[in-house]
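Participant: One letter stands for each residue in the lines below.
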Amino acid sequence: GKPAAAGGGGDAPAAAGSMSLTVGYTAIGAAYSDLYVCEDQGVFTKNGLDVKLTLLNSSSQLLAALASNSVQIGAGVAATTAAGALGGVDLRYLALPISNFYVEMWGMGDITSPEQVKGKKIGLSSPGSLGDTAVDAWLKDQGWTDKDVQKTFLKSTPAEVTALQSGAVDVIVTQPPTGTTTRNFGAHKITDFTKYPAAANAYTATASWTQANGPAVEAFVKSEVECLSMLHKDKATAIDSIRKHSGTDDPELADAAYTFFEPLWAKDPKVEPTLLAAAFAQAAAEKGTDAPADVTTYIDNGPLQSLRADGYIDSLYKS
Amino acid sequence: MTTQVSQPASPVTGPLERAVNARKGKKLTTGRLGVIGLVVVLGAWQVTASAGWVDASFASSPVGAVKALAHMIGTGELWPPLLSTLESVAYGMIITVVVGIPLGLLIGRSNTLYGLTEPLVSIMYSVPFVVFLPIIIFWFGIGAEARLVIVVWSAIFPLLINVIAGARNVDMHYLQVAKVFCAPRLLTLRSVTFPATLPFVLTGVRQSVGRALVGAIVAELFMGNAGLGYVVQTETSAFKMDDAMAAIVVIAVLAIVLTRSVAWIERRFTFWSSSV
Amino acid sequence: MTTQVSQPASPVTGPLERAVNARKGKKLTTGRLGVIGLVVVLGAWQVTASAGWVDASFASSPVGAVKALAHMIGTGELWPPLLSTLESVAYGMIITVVVGIPLGLLIGRSNTLYGLTEPLVSIMYSVPFVVFLPIIIFWFGIGAEARLVIVVWSAIFPLLINVIAGARNVDMHYLQVAKVFCAPRLLTLRSVTFPATLPFVLTGVRQSVGRALVGAIVAELFMGNAGLGYVVQTETSAFKMDDAMAAIVVIAVLAIVLTRSVAWIERRFTFWSSSV
Amino acid sequence: MTPPHPKLRVRDVEIGHRSGRKGTYAHAVDGLSFDVAANEFIAVVGPSGCGKTTFLTAVAGLIPISGGTLELDDRRIDGPGRDRSLVFQQASLFPWRNVVQNIEFGLKAHGRLDAAGRARVAELVELVGLGGKGDKYPRELSGGMSQRVNLARALATDPELILLDEPFAALDAQTREVMQEELTRIWQADGVQAGKTAMFITHDVPEAVFLADRVLVLSRGPAHLVADIHIDLPRPRTPSMKRTPEFLAMSDRIVDLVMAQSQIGKQDQPGRRVTSDDHAGVAAG
Amino acid sequence: MTPPHPKLRVRDVEIGHRSGRKGTYAHAVDGLSFDVAANEFIAVVGPSGCGKTTFLTAVAGLIPISGGTLELDDRRIDGPGRDRSLVFQQASLFPWRNVVQNIEFGLKAHGRLDAAGRARVAELVELVGLGGKGDKYPRELSGGMSQRVNLARALATDPELILLDEPFAALDAQTREVMQEELTRIWQADGVQAGKTAMFITHDVPEAVFLADRVLVLSRGPAHLVADIHIDLPRPRTPSMKRTPEFLAMSDRIVDLVMAQSQIGKQDQPGRRVTSDDHAGVAAG
Ligand SMILES: Nc1ncnc2c1ncn2[C@@H]1O[C@H](COP(=O)(O)OP(=O)(O)OP(=O)(O)O)[C@@H](O)[C@H]1O
Ligand SMILES: Nc1ncnc2c1ncn2[C@@H]1O[C@H](COP(=O)(O)OP(=O)(O)OP(=O)(O)O)[C@@H](O)[C@H]1O
Ligand SMILES: [Mg+2]
Ligand SMILES: [Mg+2]
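Order-wise, the sequence lines are chains A, B, C, D and E. Heads up, our numbering is the position in the first sequence plus 44, with the first residue counted as 1. Heads up, our numbering is the position in the second sequence plus 151, with the first residue counted as 1. Heads up, our numbering is the position in the third sequence plus 151, with the first residue counted as 1. Heads up, our numbering is the position in the fourth sequence plus 10, with the first residue counted as 1. Heads up, our numbering is the position in the fifth sequence plus 10, with the first residue counted as 1.
Everything labelled a hint here was simulated from the structure, so no lab data went into it. Don't take every hint at face value.
Listed below are the simulated DSBU-like cross-link pairs for lysine-lysine, each with C-alpha atoms no more than 35 Å apart in a straight line [to be verified]:
hint, chain 1, residue 1, chain 2, residue 2
1, B, Lys218, A, Lys288
2, A, Lys90, A, Lys279
3, C, Lys218, A, Lys191
4, A, Lys191, A, Lys288
5, D, Lys118, E, Lys143
6, A, Lys184, A, Lys162
7, D, Lys146, E, Lys32
8, B, Lys218, A, Lys90
9, B, Lys218, A, Lys191
10, A, Lys184, C, Lys218
11, A, Lys311, B, Lys218
12, A, Lys331, A, Lys239
13, A, Lys164, A, Lys331
14, A, Lys90, B, Lys391
15, C, Lys218, A, Lys331
16, C, Lys218, A, Lys277
17, A, Lys277, A, Lys239
18, B, Lys391, A, Lys362
19, A, Lys239, B, Lys391
20, D, Lys17, E, Lys118
21, A, Lys239, A, Lys279
22, A, Lys331, B, Lys218
23, B, Lys218, B, Lys391
24, A, Lys96, B, Lys218
25, A, Lys233, B, Lys391
26, D, Lys143, E, Lys146
27, B, Lys218, A, Lys233
28, A, Lys164, B, Lys218
29, C, Lys218, A, Lys195
30, B, Lys218, A, Lys184
31, D, Lys32, E, Lys32
32, D, Lys32, E, Lys143
33, B, Lys391, A, Lys162
34, A, Lys184, A, Lys165
35, A, Lys239, B, Lys218
36, A, Lys90, A, Lys233
37, A, Lys362, B, Lys218
Predicted model, so just to flag it, every value in this text is computed and none were measured.
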């Protein structure tokens, strides 16, 4: 079944009050474990939601899907979805479960430190992906520009790993646990980007849908919060879901992924205005327009606030 | 296509046996030869994988793929994605054939329509639909409908181009016969242009089937939650190349089965043709 | 293809003028009609965009795309990616044509070769090469060489399938003439099978050109750091739809120019043919 | 000699072909004029390549004339019509239809393929000697068999004006005789059908004389009229008439006319003898 | 009567066609036997569809025989050879080659397209009356012109055994006469060339008698030999011979034989009269 009417543009809400929705995410990997756990443990259902998870290949497709209401809530890199917001898609950011760049840089041979990467080829998945944005942040931090490295976009993780191994690129930037696999081919970790704060994995919906579907938004945020707590508290369940959804049935890899992500997952996934402002600024720079002075209009932290206020979040971490 | 006794390979040797075996022999042979061709390629692949010329963790290996496939069949994991993909392909092909063949004949036989549509067809065929994905998603969503659009988009242009070319190359004599008897346009299209174009139509359909499969897979790769393409995608990103390759093998088998069906139709409907 | 005075549209009206204008008239008309067709489509697109039936932030609009294009031309940003893409397409097409046509003729005229290769061709055509990207990268890297592999891979199968189908549908009478004069295999292939297959060959080449373009764009999308595909990709991800669409327009223009060249070759070489 | 309202009116007709890569224009028929009355049987003879087929194709409405007047029943011919049908020089059968289906095509095109139509087709299949071969496909037919199917296809629609382009060229004597007889019968409108007009191209002058009311001799290309010869042999004609002196004289005269027009063996090989005795011999052959 | 080492040896030859969707097998030639000596001119006549083309195609090596012996110079025919060439019943010209290029094809295939070859082709173009039309493409030719190109193409390779399948069917009297004369000249090995053997299919019995040393009459299909008639007219033959009583008698006899074989107008239409007087008439027609 097709989730929504076609051709409606950004302002066609689903039937008001509908509790069934499609959630789009843009990469396969342990980063979306909160969604996997919600689905596997029936958390969405428990909260009255009928959720379908859908993989989309890039954040620009996610924007189109949101705008056409075929996806109601999407998880994507904020810097990229912000470009859509600047382009006229009226978005609301609902939650931010990870606020760091959850990617690592792997290399082969004699490249061991980030400094050596200058002038080298970096393999990335696609423009606007998390890795791409992370590299931009890192370049800035190093005081370099994007002239100092050569970005090459390879679309898929296997392509990146292959390119690394065959020497077509010098380093690659990937999500765990891919890098761990790379180790088998003789690669080693050069750096990771978790030290850079960023609105990495933000949940977004259109303003019109958010307004028309308050209960669904609340239920989704509530589920999200609960699932994050499950990730923190119940490693076994988390690893089960990772193995089931991210295709990694190797328990060792799943464990590595969990170990990597566990500290990154927020307990209270509120959207930090400063991080979002940074994302907007980056998108605006890319687009050559002005960043909005106030990004808080794009944030809908309401449901989270009330969950926080009535002690629900805290209650999840007691016991 | 297969029964011409009057056309032995040159030089003619053993005419008698040839004449007797001609029909059945050739059919069997094509099938067998195809298997041989496949076995050779698979063998080469297995050897390169075993010898380490390619890394089996990237390229998988026939043995690995078959094992993974057997496992997928054993657990029954295979069927839902296979059915999902087949469904897209089937509906897509129905639309493609029903729309594409008459449209192509019409365009090919009318200089006006041909002139009007030619650049559009070129563009639609030559611009990868991947770049239109955001627009497709915007209009058709990400469900079965969008997948169908992608499959049809992918499949219809090879068919159109072939049918148009065929219709423009119809032997003038046939059209003159139709004209002299004042055959109505529709009858001419159905009973003259269409059969005269059949070799082109079938080549087009054959390619359409292939492209429909590609379209379905790519649609699943790009916005999937089901189908063989999705399986390839998830298994690949988890670096389980054997499983990914198993899905590819299934796609390949599908390709062969679908193409063979077209070849069967071809034999069935062009038995009157005089070549090969 | 274009000079048949003896085949006016039915019913025949104004025979005299028709006979006089037939040649020049038709050629001009095809060009003009194509422009009309394009203008209609662009107009419809602009109207839907202006009227807000589609969101211009996804679908861009002709005016926006043209503005962006003008800007790209003005700054000279357009040329490097255009040249890069054209280079891939050109080299790819040379290889495709030089390899594909003789190979297709050979396969099509030999039942053994046909049997051996048929399933392989089906598979290679029907399995999206995207799934083989890791292997391609492993063997050919991500540079010009790998792009060339992808372009050829993408372009050669439509050509092969068409040439094979054409060669298998060659009128028996022509082959009998070649046989009766004991024409050597090569001469038969070059002077009989090839010209007899020409309508199929040219349809194949036409599709090949389109697919080469697709291949080049996709190669750039998938492992690019240059070319029009890369531009589309980066502009799309920055949500600069006008710029992305400008690049697509350039691709479309390329498609038309390349296809027209093939059509020109077609007219030049099949003037002896009797239809349209 | 010419009725006031002829069936077919041909006046100064000029027909050309554009040919070659450069599209040079060449006349195949130039200044051809004659009339045909209703129910006449016209035979057309002329040297090979003179423009006979071109002219017949124009009468069928398949190609436009580039000058003059070409009227059927006082209306300009500007396309094919159901009142005409054409036996093509090249059989041009549809290879995807069997014998019966090929013969049925005209009726189908006219929307008249009812029980009576089918019966007529079955009858024609027998008539052209292909009884029992109705389900054969064109590639399984011999040259003469194809030509007979071509003939039957044109006769099936029961047209007012039958145009025949060398319909018997590939037939043996016996088959040819039977076909001639059948054609005459059909043309003479036996039974319910109305009388027909026939225009018949042949290279066999005695055949032309035997069948026709008038024999038109065309010049070497571009074709114009050289002679218009009334054949006043009584009808019904019997094969034995072919041995009468009048018949032979008539044939000889026409052969002479055609030979005088033929392009070959004249300017090209001026040394070759062309005696009237030779002509007579060929006329009988 | 039969030399110990004939040029062509035909013994109990059986040839069939597999046809239709089900691939049913039907004999087109069954139990055909005769010999041809070197330098003989053989004419083959027989009813339409009896199997003449099938047999000639087998001699050319294009289709296999399914029984019996078919030997050329004591070697089994198992494919085409440079020593033979065939004038096809359907002209089968290559539409992408012009007249000259079509005629050149055989020489090119034999790798003999040198200056002498080109000169021969140019000569043949003139000879078949297409001088000045060498650059026309097949679709621009009339039926008779195509047939002449077809003839010239076969003659160009100067084969030992020339197989001709109704080569003159679409030609007017004058052109036909010139072609007959040329064919005879070529067959008789004028100048440097060696003598040739010719096998000629025709429906024109007087033509067969005029040209041939022996006329073979084939039965209705599947074809076997009905009569093998030696023509002992002296050579060179002149067209005037066609009016001699011997010639006419010979022709009549052969026409009778063919008519007795013809399938049409016999069992199908039993009422039709077939008198010997009729035959004579047709024979002259
Ligand atoms: N499609 C064409 N394009 C160009 N020229 C043509 C075309 N068709 C015929 N011609 C030329 O027109 C002239 C007359 O041809 P047409 O076929 O009418 O001759 P014909 O009298 O029927 O000859 P035949 O008895 O050999 O059939 C010839 O010189 C021929 O070359
Ligand atoms: N390719 C074929 N497949 C099946 N049957 C065929 C094929 N070719 C010929 N025949 C059949 O074989 C028989 C002999 O045909 P053939 O062409 O040899 O006759 P022919 O003597 O040359 O007649 P014509 O004088 O009409 O040319 C016919 O009954 C015909 O139907
Ligand atoms: Mg003619
Ligand atoms: Mg024959």
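Participant: It remains to establish, for every hint, whether it holds in the given structure.
Facilitator: Going through the hints against the structure:
1. Lys218/B / Lys288/A: With a Cα-Cα distance of about 20 Å, the restraint between lysine 218/B and lysine 288/A holds, given a limit of 35 Å.
2. Lys90/A / Lys279/A: holds, 21 Å
3. Lys218/C / Lys191/A: holds, 28 Å
4. Lys191/A / Lys288/A: violated, 40 Å
5. Lys118/D / Lys143/E: Outside the cut-off at roughly 40 Å; violated.
6. Lys184/A / Lys162/A: Roughly 13 Å separates the two Cα atoms, so the pair holds.
7. Lys146/D / Lys32/E: holds, 12 Å
8. Lys218/B / Lys90/A: Violated, at about 39 Å.
9. Lys218/B / Lys191/A: violated, 47 Å
10. Lys184/A / Lys218/C: holds, 32 Å
11. Lys311/A / Lys218/B: violated, 43 Å
12. Lys331/A / Lys239/A: holds, 26 Å
13. Lys164/A / Lys331/A: Measuring from Cα to Cα gives roughly 26 Å; hence the hint holds.
14. Lys90/A / Lys391/B: holds, 34 Å
15. Lys218/C / Lys331/A: Cα-Cα ~16 Å, so holds.
16. Lys218/C / Lys277/A: violated, 55 Å
17. Lys277/A / Lys239/A: holds, 24 Å
18. Lys391/B / Lys362/A: violated, 39 Å
19. Lys239/A / Lys391/B: holds, 30 Å
20. Lys17/D / Lys118/E: Violated, at roughly 52 Å.
21. Lys239/A / Lys279/A: Holds, at roughly 23 Å.
22. Lys331/A / Lys218/B: violated, 49 Å
23. Lys218/B / Lys391/B: Measuring from Cα to Cα gives roughly 13 Å; hence the hint holds.
24. Lys96/A / Lys218/B: holds, 32 Å
25. Lys233/A / Lys391/B: Status holds; Cα separation ~21 Å.
26. Lys143/D / Lys146/E: violated, 38 Å
27. Lys218/B / Lys233/A: Within the cut-off at roughly 33 Å; holds.
28. Lys164/A / Lys218/B: violated, 40 Å
29. Lys218/C / Lys195/A: holds, 28 Å
30. Lys218/B / Lys184/A: violated, 48 Å
31. Lys32/D / Lys32/E: Since the Cα atoms of lysine 32/D and lysine 32/E sit roughly 48 Å apart, the hinted pair is violated (cutoff 35 Å).
32. Lys32/D / Lys143/E: holds, 15 Å
33. Lys391/B / Lys162/A: holds, 33 Å
34. Lys184/A / Lys165/A: It holds: about 17 Å lies between the C-alpha atoms, which stays within 35 Å.
35. Lys239/A / Lys218/B: It is violated: about 43 Å lies between the C-alpha atoms, which goes past 35 Å.
36. Lys90/A / Lys233/A: violated, 41 Å
37. Lys362/A / Lys218/B: violated, 47 Å
Of the hints listed earlier, those the structure fails to meet are numbers 4, 5, 8, 9, 11, 16, 18, 20, 22, 26, 28, 30, 31, 35, 36, 37, in rising order.
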